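**Q** Each chain is listed here by its residues.
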Amino acid sequence: MSTATHAHDTHAHGDDHAHDHHGPPAGFTRWMYTTNHKDIGTMYLWFSFTMFLLGGTMALLIRAELFQPGLQLVEPQFFNSLTTVHGLVMVFGAIMPAFVGFANWLIPMQVGAADMAFPRMNNWSFWLLIPAALLLVGSFFVPGGAAASGWTLYPPLIIQQGISIDMTILAVHILGASSIMGSINIITTILNMRAPGMTLMKMPLFVWTWLITAYLLIAVMPVLAGAVTMLLTDRHFGTSFFNAAGGGDPTMFLHIFWFFGHPEVYIMILPAFGIVSQIIPAFARKPLFGYASMVYATSSIAILSFIVWGHHMFTVGMPAAGNLFFMYATMLIAVPTGVKIFNWISTMWKGSMTFETPMLFAVGFLCLFTIGGFSGLVLAITPVDITLHNTYYVVAHFHYVLVSGALFSIMAGIYFWLPKWTGHMYNETLGKTHFWLSMIGFNVAFFPQHFLGLAGMPRRIPDYALQFTEWNQISTVGAFIFGFSQILFLYIVVDTIRSTHRKAADKQWEGADSLEWTHLPTPLPYHTFEVQPVVK
Amino acid sequence: MPVKFNRAVAAAAAFLSAPVLADYHVDILPPATPIAQQIYDLHFGILWVCVGIFVVVFGAMFWSVFAHRKSRGAKAAQFHENTTIEIIWTVVPFVILIGMAYPATKTVLDMKDGSNPDMSIKVTAYQWKWEYDYLQDGVRFYSSLKTPRDQIEEHHGKGAPKNPNYLLEVDREMVVPVGKKVRVLITSNDVIHGWYVPQLGVNQYGIPGFVKDAWFKIDKPGTYLGQCSQICGKEHGFMPIVVKAVNADDYKKWVADTKAKMPPPPAAEPAAQVAAAAPAEDPNKKWTVDELKANGQKVYAANCQACHGAEGKGTPPAFPPLAGSKVANGAKGAQIDLELKGKPGTAMASFASLSDSDLASVITHTRTSWGNKGGEVMPAEVKAARK
Chain A
44 MSTATHAHDT HAHGDDHAHD HHGPPAGFTR WMYTTNHKDI GTMYLWFSFT MFLLGGTMAL
104 LIRAELFQPG LQLVEPQFFN SLTTVHGLVM VFGAIMPAFV GFANWLIPMQ VGAADMAFPR
164 MNNWSFWLLI PAALLLVGSF FVPGGAAASG WTLYPPLIIQ QGISIDMTIL AVHILGASSI
224 MGSINIITTI LNMRAPGMTL MKMPLFVWTW LITAYLLIAV MPVLAGAVTM LLTDRHFGTS
284 FFNAAGGGDP TMFLHIFWFF GHPEVYIMIL PAFGIVSQII PAFARKPLFG YASMVYATSS
344 IAILSFIVWG HHMFTVGMPA AGNLFFMYAT MLIAVPTGVK IFNWISTMWK GSMTFETPML
404 FAVGFLCLFT IGGFSGLVLA ITPVDITLHN TYYVVAHFHY VLVSGALFSI MAGIYFWLPK
464 WTGHMYNETL GKTHFWLSMI GFNVAFFPQH FLGLAGMPRR IPDYALQFTE WNQISTVGAF
524 IFGFSQILFL YIVVDTIRST HRKAADKQWE GADSLEWTHL PTPLPYHTFE VQPVVK
Chain B
637 MPVKFNRAVA AAAAFLSAPV LADYHVDILP PATPIAQQIY DLHFGILWVC VGIFVVVFGA
697 MFWSVFAHRK SRGAKAAQFH ENTTIEIIWT VVPFVILIGM AYPATKTVLD MKDGSNPDMS
757 IKVTAYQWKW EYDYLQDGVR FYSSLKTPRD QIEEHHGKGA PKNPNYLLEV DREMVVPVGK
817 KVRVLITSND VIHGWYVPQL GVNQYGIPGF VKDAWFKIDK PGTYLGQCSQ ICGKEHGFMP
877 IVVKAVNADD YKKWVADTKA KMPPPPAAEP AAQVAAAAPA EDPNKKWTVD ELKANGQKVY
937 AANCQACHGA EGKGTPPAFP PLAGSKVANG AKGAQIDLEL KGKPGTAMAS FASLSDSDLA
997 SVITHTRTSW GNKGGEVMPA EVKAARK
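Protein sequence lines correspond, in order, to chains A and B. So that you can map any letter, position 359 of the first sequence is 402 in our numbering, and since no number is skipped, the others follow by simple counting. So that you can map any letter, position 60 of the second sequence is 696 in our numbering, and since no number is skipped, the others follow by simple counting.
Just so you know, the hints here were simulated from the structure itself, not pulled from any lab data. A quick note: this is a predicted structure, and the numbers were derived from the prediction, not measured. The reader is advised that the hints may include incorrect statements.
[Stated by the list, open to error] With a straight-line cut-off of 35 Å between C-alpha atoms, the simulated DSBU-like cross-links for lysine-lysine are:
1. A/Lys579 / B/Lys711
2. B/Lys848 / A/Lys245
3. B/Lys848 / A/Lys579
4. B/Lys895 / B/Lys798
5. A/Lys393 / A/Lys245
6. B/Lys711 / A/Lys550
7. B/Lys921 / B/Lys816
8. B/Lys929 / B/Lys711
9. B/Lys711 / A/Lys475
10. B/Lys794 / B/Lys848
11. A/Lys546 / B/Lys711
12. A/Lys393 / B/Lys706
Between the sequences and the hints, there should be enough to build the whole structure, so can you do that?
**A** Below you can see the structure in the form of structure tokens.
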């Protein structure tokens, strides 16, 4: 939708600049002190991938323990720590930083800006992640072991545990600070640094979804910070926010946590919508269907996400009016989400499609995310939720949303932009192999969990009754296929970076139309747009 | 027609599920109450709607994946919006949702209508057992996992063969009469737990300091299994619920039998209240040290071994070892106090619900095993400490 009046050559004017503006300094200090959005984006993505492997290892330990009834590998307390830290690491360490990595790489290029609005703060937002991750993972090694309360950190259970909880709370504070700084940076960049002529309704959808996500982050991260700070004072300073004996209420934590937690799941999915909305039109060689309704649908989802938190709490015993309100509001989210799915399918309709790896992951996203949406609709119905609450059905549901939704779109995005980022093409055969292994492994791992949930198997248990054995075994086999195929992904990315013979073109994908493809050379110069392009 | 089909599936599932539930089970368990039946029908209704939408939407998608490929010579059309169709696919799902919300609303209101119960049972959750207090019938007892520890723990060598109802069996079942509206008042003594029996359509958190309620009315005699649904610490997976529905006569008989086993009604002082749920015992029995040790081993296996290990080594750092511990080798009074009151801020719960002799036995066991030299404790000393 955006076309520029003239192509701009970034190398054409360098005479009046100091030499070192054109290339990065070498060595460790380049990464330590960098303010370059591409370097920071790269660091975010590698950080995210490291955490993804770490969280994945925890998941595989969980699945290995659940391969058969009885306790074989781990103690129940350690099992609970694994489920808790797996959740925290995947949400805050893997998915969110991956999307921030994309934002850093792409937003300046897609809006025609030279860099992020606050480059020094950008560096700081990244480096805050490291101590937070060390605190989170380090909590495994302190007396009492890591947090073992589920990633939702419900009191009073969390009040019982040791110093690891304080480390977790501090980690959440630091991650929250990082996210808020990142969001301010993204909003400012998008609103103030767009190229002349790029009106809001001409921005690529990835930029739109991140703009909305950044507002969500700014709205809810302080809420989470408040909730965990109250936990901290309850633990150490004699307050009773969540202690009935002192006049508080444990349920209040649930309300506050989910007021953050529900928008959080959209924080993890809206940028995915953006990525997929870039990829599907490119490979269908057809403009995105219903651009405007995509923007409105995304905004509606974001607004609705603030009034549905109660659906995580149908079993705490809210009054009937509360249950009904949250049921109706939750069901309503299906409408804008449906609009988005229909738009993507209409984009594919009468296209001229090819199925390279990014498109495979995008179509995989579309299929599996829709299944996650359906199970979400089932769970939105209060009475059905009550019978499935905290069972494996819920585990299946949110993994369909967060793995096939968020993670598959991240994979799609990596394959889509890797040629631009590295200047080299990835190995298409290996990429397709990675897709099919992930697709099969994922479904074998998570689809049977619907059945386990329907049959009443609670989640977060280290051992189970005998009738759950078969589906658990299948699920474990799938999880290992899915987990190990990510090693192939690591190989593919490293191979792409190091290969010198597969040069990528300036516009690697025939149907790609955003500024980074149409206005920038491959490989990318260290500084992107030194003069802004003009968009008609 | 779907309802008929559902019933057929339910009947088939019920047939397959006796006595152990079917392997490769793919459906909600057969409902045992009218509410659970409504939930079952709602689930199937929504499932079919989803399947319908799935077929239409993915039919369109897979058709375009198949037919509109570049390799088949497809030329890309350039249309990119159509207001009419976009309005249609906003309005149609909205109407479908209203169709779903209507029956769901009725069920929510039914579930929340706990008025005029025939009887009320107060359910209190503990780490990691349940207490049932029959408010009208004056019966009160604890219910905890019956599966022996050696069937569960396999990492120290081979575990014992597993019972058919492995992890879903309790020492004392909750017994209710069929055809009566039973209101359960659910609370907790320590952390949040979830009282979850899927076939009764009940899943309600027990929240410390608050009492929440749910209700059920079971149609047919039978045994209905459930588990704690909210993570409540280390033994979360080992907190089963067994509800046995019997006819009115059997229920009366059960109440009489259970009452006979209970201690006489507690005296007015609060200390005795704590002991109320402890089973009755012969106060005149004289225990020898060997008897205490032998009984102590059993009590230890049932109550302590999960955290502190069969060899008293604990699972450090969360659960301290007892072998060589200061408490088990120190003053008797301090250990009795610890067992009765628990240790706030840790997973060490109060074991005041055990009888004096059981507590004395288990304390004796821990003070005389694994090289500990604390010496024995007599039931009378525990009894004195309760006051």
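**Q** Against this structure, judge whether each hint is valid.
**A** A quick look at each hint next to the structure:
no.: 1; hint: A/Lys579 / B/Lys711; verdict: holds (27 Å)
no.: 2; hint: B/Lys848 / A/Lys245; verdict: violated (52 Å)
no.: 3; hint: B/Lys848 / A/Lys579; verdict: violated (62 Å)
no.: 4; hint: B/Lys895 / B/Lys798; verdict: holds (32 Å)
no.: 5; hint: A/Lys393 / A/Lys245; verdict: holds (24 Å)
no.: 6; hint: B/Lys711 / A/Lys550; verdict: holds (20 Å)
no.: 7; hint: B/Lys921 / B/Lys816; verdict: violated (41 Å)
no.: 8; hint: B/Lys929 / B/Lys711; verdict: violated (86 Å)
no.: 9; hint: B/Lys711 / A/Lys475; verdict: holds (24 Å)
no.: 10; hint: B/Lys794 / B/Lys848; verdict: violated (42 Å)
no.: 11; hint: A/Lys546 / B/Lys711; verdict: holds (28 Å)
no.: 12; hint: A/Lys393 / B/Lys706; verdict: holds (10 Å)
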